[in-house]
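So you can see what is in the structure, the chains are spelled out below.
There are 2 protein chains.
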Amino acid sequence: MPSLHLPHPPADSRKKARALLIELQDTICAGLESIDGEGKFIEETWERPEGGGGRSRVMKEGKVFEQGGVNFSEVHGEELPPSIIKQRPEAKGHKWFATGTSMVLHPRNPYIPTVHLNYRYFEAGPVWWFGGGADLTPYYPYLSDTRHFHKVLKDACDSINPKFHKVFKPWCDEYFFLKHRNESRGVGGIFFDYQDGSGKLYKGQNPNGAASINSQAIGEHKLSWEELFSLAQACGEAFLPSYLPIIEKRQNKLFTEKERNFQLYRRGRYVEFNLVWDRGTIFGLQTNGRTESILMSLPPLARWEYGFKASLNSRERLLTDLFTKPQDWFTDDSLEEQCRPFSAID
Amino acid sequence: MPSLHLPHPPADSRKKARALLIELQDTICAGLESIDGEGKFIEETWERPEGGGGRSRVMKEGKVFEQGGVNFSEVHGEELPPSIIKQRPEAKGHKWFATGTSMVLHPRNPYIPTVHLNYRYFEAGPVWWFGGGADLTPYYPYLSDTRHFHKVLKDACDSINPKFHKVFKPWCDEYFFLKHRNESRGVGGIFFDYQDGSGKLYKGQNPNGAASINSQAIGEHKLSWEELFSLAQACGEAFLPSYLPIIEKRQNKLFTEKERNFQLYRRGRYVEFNLVWDRGTIFGLQTNGRTESILMSLPPLARWEYGFKASLNSRERLLTDLFTKPQDWFTDDSLEEQCRPFSAID
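Chains C and L, in that order, give the protein sequences.
Per this note's numbering, the very first residue in the first sequence carries number 503; after that it's consecutive.
Per this note's numbering, the very first residue in the second sequence carries number 503; after that it's consecutive.
Think of the hints as simulated: they come from the structure by calculation, not from any bench.
Where hints are given, some of them may not hold.
Where chains are identical, the list cannot tell them apart; a pair therefore holds if satisfied intra-copy or between any two copies.
Distance condition first, Cα-Cα at most 25 Å in a straight line; then the derived SDA-like pairs of lysine to any residue [claimed, not checked]: (1) 518 with 549; (2) 562 with 803; (3) 565 with 803; (4) 565 with 807.
Taking the hints into account, I'd like the entire structure generated from these sequences.
In structure tokens, the structure reads:
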């Protein structure tokens, strides 16, 4: 096994990561309560018999949010599961530590997208890494909302290292993909995993859960622990500015039962992704994780309909024809032309 | 590899199995349309690019059935997937043939249980086998309904071989189990797989999808192809008499939003089982199966609610305290006592 030469984390790395992620939960919850105006997060703390615990916060039946959860956890154990050891063989035989904050929001209004965020930090013996990202899942999409969301995340990545975004954007498209539907979950965002400053920028994985994570040299410059910490911090802090303006713009838009039904139908896809393809969810469920916290991501109501097909030249069809396929949101000029007939630009 | 000494299937085995299963689809659909009174099945035939095809029938918004599907398929291919080859190594390198009928019904009234049925027949080189079963998932359960369902299936099994039922009943409890909830999907029924007349009665499998299928000697008497065909036939024919009387008894029972909400919440469990644990579903989705047919099993509407707990001494609690745990439905006298306070006996 080749020995790793990772930059050393600071002596108080766990404390720092924990503080970052718990503060992220606080900031996000405060921002969401403020924009919702009515809904409040209910907090529940829990302990994990095998070590560690968490702080779950759930909002039910808010004005904007039909249901949403923001979960912080800090857990540790004897040995990481085989699926992770396969990616980081140096962790074998070592105790591990992991802390993370994850969030899924299901707004009531079909013109406001569902959104997901997760940032996490791992240590196990000689190895450590940061992972995470955020992605947007619109029902009735607008090009300007999608561009805004991507732009704020890109700026956050760029503020740390200009090489990040062109790796993390396609990685997100690759990860949040429903192979059985040949669709992306939504319009993407950013996703990264196993970032450890080893001088490689890991850049993607087989969505089937197969072993390989590719990497590319990031250049002479190895990334320090502090730079990757700052990456997680910058992306985490970018969440509210990436999402709240979309809510503000769409929250008063009237909708009918037709739009509601389509939203519920598309929420079924969210369930399908999370239960069939999301490695974190499946792993948690199959290994005695805290079920209620893991499944906090599922929507309050979802619908399935055999053989549903959106009619040609409809806004519903625009979603799967254009928005749930990976796109170059900033540079592709044809997007506007395609959105114009559906008033889906701005 | 030990050579197998399976009873020979008849020369027209595929034709016979096909005829049995397509007739089963016809009979079931006719019976269901008749009891529904309003809903009609819409038929769709499809071809599988790799070989074979199917006949899907779906009823939407019937009077009794909110959504239901009965699907017949007959498919073939070059080599079975590794998960099946592991169970039947003699099939390796051989072309395969499979035919099956599967059904899931989601009634509107929360007092009528959801029900699932699947019978199938495989051939691959020197090996062949029958598999299948039927299981019931009530929302507001009645002991008499559960006993009736089990009794009709037991009688069908007994009519072929009195050894079957005490193997197939616990196998069903074992298979339809949500490990992450520590709950059975419903009250069970019967389930069997890999029945090939080799003189062993296969009797169960690791619900985690691990490799082992245990078996026990069925005695001197090997089962013939014809006996196992008759098993599938008897169980298939038992479906309408096992289920229709339950509909007749419950269809006019009034319900309120409370019962409806609990039904939708429990339907979430059905989604969780099918997408997280059901090997057939997962295998189909991950290997380019016909998604719409595979996911026909999902409910028209389902609900998730973080941290929901049914109150003590409620009918909702009776479901998970008693009915979604494996029980000896016929012989356990304490069941009546436990159901009485909730008027859940008859």
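Point to revise | Violating hint indices (sorted, rising) | key: none
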